[in-house]
Amino acid sequence: MNSKSKVPCIPIEGSISWEDWLKGRRARRESSKLVAPGIIRRRSSSSDRRLKKLFNGERGLPFTPIEKL
Amino acid sequence: MDAQIIRKALADISAEQDPTLKSAKLASLCSALWAEHGVELVVVGGSAIEILTEGAYASGDLDMCHATAATLPVAQRKEIMGLLDAKGGPRNWQVAGMYLDLLGPVESFARTPYRRVEAPYGSLLLMKPEDLLVERVLVSFYSGDNKTARDCAKILAAVALRKEIEMNWDEVRRLANLPEYRNLPECEKLVKEVANELKIKSPLHSD
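First to last, the protein sequences are chains A and B. In this text, residue positions in the first sequence follow my numbering: the first is 1, and each later residue adds one. In this text, residue positions in the second sequence follow my numbering: the first is 1, and each later residue adds one.
Treat the hints with care, since some could be wrong.
As the list claims (entries may be wrong) - Straight-line distance between alpha carbons at most 25 Å, and here's what the computed DSS-like set of lysine-lysine pairs gives: (1) A/K53 / B/K199; (2) A/K68 / A/K6; (3) B/K147 / B/K201; (4) B/K199 / B/K163; (5) B/K163 / A/K23; (6) A/K33 / A/K23; (7) B/K163 / B/K201; (8) B/K147 / B/K189; (9) B/K163 / A/K6; (10) B/K78 / A/K33; (11) B/K87 / B/K147; (12) B/K201 / B/K78; (13) B/K201 / B/K189; (14) A/K68 / B/K78; (15) A/K23 / B/K78; (16) B/K201 / A/K6; (17) A/K68 / A/K23; (18) A/K52 / B/K87; (19) A/K33 / A/K6; (20) B/K199 / A/K33; (21) B/K199 / B/K189; (22) A/K6 / B/K87; (23) A/K33 / B/K87; (24) A/K52 / B/K147; (25) B/K189 / B/K163; (26) A/K68 / A/K33; (27) A/K33 / B/K8; (28) A/K53 / B/K87; (29) A/K68 / B/K201; (30) A/K53 / A/K33; (31) B/K147 / B/K192; (32) B/K163 / A/K68.
In case anyone wonders, no lab produced these hints; they're calculated from the structure. Given the structure is predicted, the values throughout are model-derived calculations rather than measurements.
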């Protein structure tokens, strides 16, 4: 646990519980978006054909908005 | 694992509409089933970066490798993945509304452990962020201007600098000096840039 922010930290040693990993999702997304805003999913790859077939023309499911994390 | 538990898990994963939760849960279930046969699986690449950073990067395929030296013969793979109603194989499956790719033995240079999440269907191993960061910096600098790889490196650095994942920076430095990478200046530059954006001192700089 990060004592300053109280955001559960994914540790080097041991493990993080599912509950703590879930609790940290929003903070991790916020940190990520400070330096790489928006969706940064690749626009294409060698898997495009199968992905777009499965996900209605997209390369995956839509990401959950930050306010719902 | 009991057949009824597998059925319930599959129903849960199939209905899951959050891509990161879906990926983590599927990795957890597969890891548990393969572990029953002595094979330890690790989430790698973009799938691992997503679970570590929530960076909105991963696509709808889950990449895993085996950390144990041996993997399973094709017949046993078929049997295990059959329990999950998986289509395809023996290295790529469509399962629970996404794709799972089993890429082979894991390649890691870091001496730190794989990160571990106690996920709903069993313990989930993630590629070491030290390896992921140095590798993404390498790709971002050496294949022209690869913005996606650069963004991936930046989000890994950001969550680590904000202590949301624990990163061994000495190990990052050691890896970046290995002949396989030789990209310490690029790593220092990128981490410093992210640290400046976040108004945090870069752990890769002594000044």
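Status of each hint after checking the structure:
1. A/K53 / B/K199: violated (43 Å)
2. A/K68 / A/K6: With Cα atoms ~19 Å apart, A/K68 and A/K6 stay inside 25 Å; holds.
3. B/K147 / B/K201: With a Cα-Cα distance of about 24 Å, the restraint between B/K147 and B/K201 holds, given a limit of 25 Å.
4. B/K199 / B/K163: Since the Cα atoms of B/K199 and B/K163 sit roughly 14 Å apart, the hinted pair holds (cutoff 25 Å).
5. B/K163 / A/K23: holds (14 Å)
6. A/K33 / A/K23: holds (17 Å)
7. B/K163 / B/K201: Between B/K163 and B/K201 the Cα gap is close to 13 Å, so the pair holds against 25 Å.
8. B/K147 / B/K189: holds (15 Å)
9. B/K163 / A/K6: holds (10 Å)
10. B/K78 / A/K33: With a Cα-Cα distance of about 40 Å, the restraint between B/K78 and A/K33 is violated, given a limit of 25 Å.
11. B/K87 / B/K147: With a Cα-Cα distance of about 34 Å, the restraint between B/K87 and B/K147 is violated, given a limit of 25 Å.
12. B/K201 / B/K78: Distance ~50 Å between B/K201 and B/K78 Cα, so the pair is violated.
13. B/K201 / B/K189: Holds - the C-alpha atoms of B/K189 and B/K201 are around 13 Å apart, at most 25 Å.
14. A/K68 / B/K78: violated (37 Å)
15. A/K23 / B/K78: violated (36 Å)
16. B/K201 / A/K6: holds (20 Å)
17. A/K68 / A/K23: holds (12 Å)
18. A/K52 / B/K87: This hinted pair holds, its Cα atoms lying about 17 Å apart.
19. A/K33 / A/K6: holds (19 Å)
20. B/K199 / A/K33: Holds, because 15 Å separates the two Cα atoms, which is no more than 25 Å.
21. B/K199 / B/K189: holds (15 Å)
22. A/K6 / B/K87: Violated, because 42 Å separates the two Cα atoms, which is more than 25 Å.
23. A/K33 / B/K87: violated (35 Å)
24. A/K52 / B/K147: Holds, at about 22 Å.
25. B/K189 / B/K163: This hinted pair holds, its Cα atoms lying about 19 Å apart.
26. A/K68 / A/K33: holds (15 Å)
27. A/K33 / B/K8: violated (34 Å)
28. A/K53 / B/K87: Holds - the C-alpha atoms of B/K87 and A/K53 are around 15 Å apart, at most 25 Å.
29. A/K68 / B/K201: Given pair A/K68, B/K201 is violated - Cα atoms ~31 Å apart, limit 25 Å.
30. A/K53 / A/K33: Not satisfied, since the Cα-Cα distance of roughly 29 Å exceeds 25 Å.
31. B/K147 / B/K192: Between B/K147 and B/K192 the Cα gap is close to 17 Å, so the pair holds against 25 Å.
32. B/K163 / A/K68: holds (22 Å)
Hint compliance for this structure: hints 1, 10, 11, 12, 14, 15, 22, 23, 27, 29 and 30 are broken, all remaining hints hold.
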